[in-house]
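Colleague: Dock the two chains into a complex; use the hints.
Protein sequences, first through last, are from chains A and B.
Just so you know, we're using this note's numbering here: the first sequence kicks off at 1 and counts up by one.
Just so you know, we're using this note's numbering here: the second sequence kicks off at 110 and counts up by one.
Treat each hint with caution, since some may be false.
[As the list claims (entries may be wrong)] Calculated lysine to any residue pairs in the SDA-like style (CA-CA distance at most 25 Å, straight line):
#1 A:K45 - A:P14
#2 A:K45 - B:T186
#3 A:K45 - B:K174
#4 A:K42 - B:Q133
#5 A:K45 - B:Q131
#6 B:K174 - A:Q96
#7 A:K79 - A:Q96
#8 B:K174 - B:N210
#9 A:K2 - B:Q133
#10 A:K42 - B:Q115
#11 A:K42 - B:D173
#12 A:K45 - B:Q147
#13 A:K45 - B:P148
#14 A:K42 - B:G161
By construction, these hints were calculated from the structure, which means they are not laboratory data.
What follows is the residue order along each chain.
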Amino acid sequence: RKEVEQDPGPFNVPEGATVAFNCTYSNSASQSFFWYRQDCRKEPKLLMSVYSSGNEDGRFTAQLNRASQYISLLIRDSKLSDSATYLCVVNPLGNQFYFGTGTSLTVIP
Amino acid sequence: SAVISQKPSRDICQRGTSLTIQCQVDSQVTMMFWYRQQPGQSLTLIATANQGSEATYESGFVIDKFPISRPNLTFSTLTVSNMSPEDSSIYLCSVEDYTYNEQFFGPGTRLTVL
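If we strip away everything but chain B, and leave its shape as in the complex, we get (with noise of 0.2 Å):
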């Protein structure tokens, strides 16, 4: 199984700013995954983050609001821009494992916006 590893695990932010959520794995993957979960909620996938091509964005996330970088093939970031109270959430990277098609959760980045 993979270890995922997560920057920061948590942090409060000012409304306006931005956080950028390391994501770091043990072993190289082709695909990692960014999810969110808000409050009370399940997970929402917002983008998958391809080495060496542009993220592939879900319906209701675009680049500009959470620009992804995927260097190489253990390591991913995540920006949260211009963040307002409604990105108050825990957003969690995943890899998949495609010998037994499940996947593994980093421990998330709890953020709150003010």
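Isolated chain A (complex conformation) (with noise of 0.2 Å):
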């Protein structure tokens, strides 16, 4: 079983729309969570971390939850720029880092 699974998509969403990706993750064990950005053709950067608590950045909101084994991200408000592959990461041991292989979203005018 992978440590990390995504739907890999294609999500096509229109601007203003709301759209969420959800990831699950193998090992309960697991303490560190985030959701990465990449762009075509570019390196994946820290999106934001997910907290056991929730948080939210803006239009972003990315939840926890341990007892099912996943992680949500959540976007309101589409931007044509939000369009990227939305990486799935958790951080079991505190060492490596296991990624999912990505969920592809385009944001449609």
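Modeller: The following block contains the structure:
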């Protein structure tokens, strides 16, 4: 079983829409969780960390459900510039980071 | 945040040859990581490069194929040896900011093996 699993999409949504991505992880002892964004032909960059209590950064909301071992990312009022691949990342033991395969989002005018 | 550069940014190589990729960080870091991202796939950790000791390789990756050097706390190299078309991929180095538990990535090296 993979450490991290994501729906690869693609998600094609109109501007202004709300879109949600989910990700599941296999190691129940995992402590750190992140969402990274990767633009085409670019390196991944941290979008936001995911805290147990959930956290929000502008139009982006990340949530963690430890009981079900999943992480979610909600994007409200989608912008064209949100088009990218979103990677779910889990850091189980403080050493290696495990990356999901990524969810592709295209925001359409 | 760390600033990471990689050279070359891209290369096209013939099978059977080797390519060495360089990674330079603007600050001293204990561990550097080398990842591979094959087309349409996510990142796979190849190895962790520790200064002053042998690199630690992940399952499926061996030193003979991917020798790594770590001569100091700001620099590392990854060599892709005896290349085949299956090695065509993006190779990324990264470092971890332990204060914020965040990984920073270099811009990547896009390798195509003919």
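Colleague: All hints are to be evaluated individually against the structure, with a verdict given for each.
Modeller: Evaluated hints:
A hinted pair counts as satisfied when its Cα atoms are at most 25 Å apart, and A:K45 with A:P14 qualifies at roughly 24 Å. Between A:K45 and B:T186, the direct Cα distance comes to roughly 22 Å. Compliance with the 25 Å bound is thereby established for this hinted pair. Of the pairs offered as hints, the one joining A:K45 and B:K174 is violated, with about 28 Å between alpha carbons and a cut-off of 25 Å exceeded. A C-alpha spacing of about 17 Å is found between A:K42 and B:Q133, which places the hinted pair at or below 25 Å, so the restraint holds.
For the hint linking A:K45 to B:Q131, the alpha-carbon distance of about 20 Å falls within 25 Å, and the restraint holds. For the hint pairing B:K174 with A:Q96, the CA-to-CA distance comes to about 21 Å; that is within 25 Å, so the pair holds. Simply put, A:K79 and A:Q96 have alpha-carbon atoms about 32 Å apart, too far for the 25 Å limit, and the pair is violated. Pair hint B:K174 plus B:N210 does not hold up; C-alpha atoms about 30 Å apart against a cutoff of 25 Å.
About 31 Å separates the Cα atoms of A:K2 and B:Q133, which puts this hinted pair outside 25 Å; it is violated. As the CA atoms of A:K42 and B:Q115 are separated by approximately 13 Å, the hinted pair is consistent with the 25 Å bound. For the suggested pair A:K42 and B:D173, the alpha carbons sit about 29 Å apart, so the restraint of at most 25 Å is broken. Proposed proximity of A:K45 and B:Q147 is supported: the alpha carbons are some 18 Å apart, at most 25 Å.
Our distance criterion of 25 Å between C-alpha atoms is met by A:K45 and B:P148, whose separation comes to about 18 Å. Distance hint between A:K42 and B:G161 is unfulfilled; the C-alpha atoms sit about 31 Å from each other, more than 25 Å.
In this structure, the earlier hints numbered 3, 7, 8, 9, 11, 14 are contradicted, and the remaining ones agree with it.
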